[in-house]
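Student: Sequence:
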Amino acid sequence: MGKNPVSERIILGIDPGTTITGYGIIRCQGNKMELITYGIIDLRKVAKDHPSKLKRIFERTLGLIEEFLPDELAIEAPFFGKN
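Under my numbering, residues 1 to 83 are what the sequence shown spells out, in order.
Just so you know, these hints were derived from the structure itself, not from any lab. Hints may be right or wrong, so weigh each one.
So the derived label-pair ranges between C-beta atoms look like this [unchecked claim]: (1) P51 - Q29: 37 to 47 Å; (2) S7 - V46: 33 to 43 Å; (3) S7 - E66: 19 to 29 Å.
Don't be surprised by glycine CBs; every beta carbon is placed ideally from N, CA and C.
Generate coordinates for the entire structure from the input sequences, incorporating the hints supplied.
Tutor: Below is the structure:
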């Protein structure tokens, strides 16, 4: 897919979490936005250790970057607290 860098941007948004990480990808052209895809990285069935969870988040995020080639990345600031 050839992109016109002036008029089109693809943005990957990430909502980080140690149990469930959310993501969404949108295409912006001028003042129009189009949802490309969204989903979650479900870490509830991954081993309980933090390094394994980080590895899974990294692998899935890298896959999204390679597949959709985003121009920009937006990451929500993590929340450290008890729910």
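Student: Indicate, hint by hint, whether the structure satisfies it.
Tutor: Going through the hints against the structure:
{"no.": "1", "hint": "P51 - Q29: 37 to 47 Å", "in the structure": "holds (40 Å)"}
{"no.": "2", "hint": "S7 - V46: 33 to 43 Å", "in the structure": "holds (39 Å)"}
{"no.": "3", "hint": "S7 - E66: 19 to 29 Å", "in the structure": "holds (23 Å)"}
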